[in-house]
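Protein chains: 2
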Amino acid sequence: MQIAILLFDRLTALDAVGPYEVLTRLPEAETVFVGERVGEVRTDTGRLGLRVDATLDEVTAPDVVVVPGGPGQAALMDHGPVLEWLRAVDRTSAWTTSVCTGSLLLAAAGLLTGRRATSHWLALDQLPAFDVTPVSQRVVFDGKYVTAAGVSSGIDMALALTARITGETVARMVQLGIEYDPQPPFTAGSPETAPPEVVEALRARTPLVLTGE
Amino acid sequence: MQIAILLFDRLTALDAVGPYEVLTRLPEAETVFVGERVGEVRTDTGRLGLRVDATLDEVTAPDVVVVPGGPGQAALMDHGPVLEWLRAVDRTSAWTTSVCTGSLLLAAAGLLTGRRATSHWLALDQLPAFDVTPVSQRVVFDGKYVTAAGVSSGIDMALALTARITGETVARMVQLGIEYDPQPPFTAGSPETAPPEVVEALRARTPLVLTGE
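Chains D and Y, in that order, are what the protein sequence lines are.
The UniProt record's numbering applies: residue 1 is where the first sequence begins, and numbers increase by one.
The UniProt record's numbering applies: residue 1 is where the second sequence begins, and numbers increase by one.
These are computed hints drawn from the structure, not numbers from a lab.
Built from N, CA and C at the ideal position, the CB exists for glycine as well.
Hints may contain errors.
To be verified - Here are some chain D residues pointing at chain Y (derived, C-beta under 10 Å):
1) Val22
2) Pro81
3) Gly177
To be verified - Coverage of chain D stretches by chain Y, computed from C-beta distances (three or more under 8 Å per stretch; other residues unrestricted):
4) 3–15
5) 32–46
6) 49–63
7) 147–158
8) 161–175
9) 179–186
Given the sequences, and given the hints that come with them, work out the whole structure.
Here's what the structure looks like:
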């Protein structure tokens with residue numbers, strides 16, 4: 001089973017690494033990080049380099065496609081090669097997935113038309129322009145399309161997907177392997193639970209807080 | 001404020017990327033990934049390359065030190081250059097931290113002697129050999145030493161540390177920025193909560209489940 005994770009400049013690292021850490025532990029999984037050019041991409045903060053090991057042309061039939069988000073996603077919304085690759089691999093994928101604003105790329109490729117999907121809470125309102133119904137939910141399954149909310153939600157998405165692919169016992173083993181027993185120190189992880197002033201501050205300072213710039 | 005995250009071959013990616021994604025969003029933070037040689041290291045599964053941007057010699061006085069774990073940690077337990085670097089930067093660090101089996105490296109460097117610390121649940125029993133009291137807890141603060149349990153717990157650790165460094169409002173903003181409102185699909189993230197057969201399976205298959213190999 002091949003799992004292809006798309007990399008591009010100015011992606012948010014955890015969007016990609018959360019699902020990677022889960023899905024790469026599946027029995028028989030062969031994970032590959034794919035992008036336009038082999039070599040390094042830099043994350044949104046510029047502070048971390050991740051390596052693309054295979055070009056889009058080299059990965060033609062992955063079973064699972066994972067599309068992370070991040071500020072760099074915006075530059076790809078009308079970018080032929082990436083959108084064409086997404087459409088091409090989606091024809092044979094078992095699961096086509098995204099984390100954070102990665103769902104906007106799937107939407108721009110036309111893969112979510114008429115479907116329900118989620119995204120980072122600050123980007124949900126961009127989905128209807130692509131005829132996608134936004135759902136304020138951490139993980140949304142719609143057929144073989146699985147979208148996750150912002151950044152850290154890719155871990156939950158990947159565990160839920162693992163259960164669908166290999167069953168709940170393996171999913172529980174992976175969860176225990178990465179000791180995913182989250183205990184966030186605050187109740188602030190969604191706009192519904194965070195204090196209103198924190199939500200407003202984040203809306204106002206989005207570029208700073210989303211990218212660390 | 002400089003945040004130095006140690007990279008080495010066969011580390012577990014999420015151990016490093018979880019805290020990175022949180023701490024790099026702090027105002028005035030300058031995160032640097034440091035290692036023995038500039039260039040790529042491969043993660044425990046061999047499937048992801050992360051880039052070391054600075055050598056140990058080039059990072060002499062970070063404010064925060066983050067040491068991830070992973071199978072590759074074992075090869076560094078008697079490795080002079082890394083242990084000497086940990087001792088050197090610890091002299092002036094404000095916070096010296098670890099995720100997963102990274103605490104064994106801090107212990108091997110002698111930095112946790114007589115202190116309380118945690119580690120991946122499968123590695124906790126290795127701490128007493130270094131005169132460290134193992135604590136089965138997700139995040140353990142002991143003075144300026146902050147250790148986190150397995151893999152995913154680095155996110156909780158980094159948020160708790162953010163609150164100490166910059167206050168709770170910024171920590172809540174970062175938490176909302178990465179939409180950290182965890183909803184794991186199963187109750188299986190710790191040996192206390194996972195079904196016994198899952199715990200036993202993991203104990204028996206540790207190399208597989210911990211590294212994806």
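* Test coverage of the stretch 3–15 of chain D by chain Y using CB-CB distances below 8 Å; three residues minimum. => Holds, because 3 residues of the stretch 3–15 of chain D bring their Cβ atoms closer than 8 Å to Cβ atoms of chain Y.
* Taking a Cβ-to-Cβ distance below 8 Å as contact, does the stretch 179–186 of chain D have at least three residues touching chain Y? -> holds (count 8)
* Do three or more residues from the stretch 32–46 of chain D put their C-beta atoms closer than 8 Å to C-beta atoms of chain Y? -> holds (count 4)
* Per-stretch coverage check for the stretch 147–158 of chain D, three Cβ contacts closer than 8 Å to chain Y -> Three-residue rule met by the stretch 147–158 of chain D, so holds; n is 7.
* To do: Mind checking the CB of Gly177 (chain D) against every CB in chain Y and telling me if the closest is under 10 Å?
  => This interface hint holds because 4 Å falls under the 10 Å limit.
* Residues of the stretch 49–63 of chain D with Cβ under 8 Å from chain Y, three needed, outcome -> This one holds; 4 residues, not fewer than the three required, reach chain Y with a Cβ under 8 Å.
* Could you check if Val22 (chain D) really has its C-beta closer than 10 Å to a C-beta on chain Y? => Since chain Y brings a Cβ to about 9 Å from Val22 (chain D), closer than 10 Å, the hint holds.
* Was the hint right that Pro81 (chain D) lines chain Y, CB cutoff 10 Å? -> 22 Å, violated
* **Coverage of the stretch 161–175 of chain D by chain Y, judged on three or more residues with CB within 8 Å** => holds (count 8)
Violated hint: 2 only; the structure is consistent with all others.
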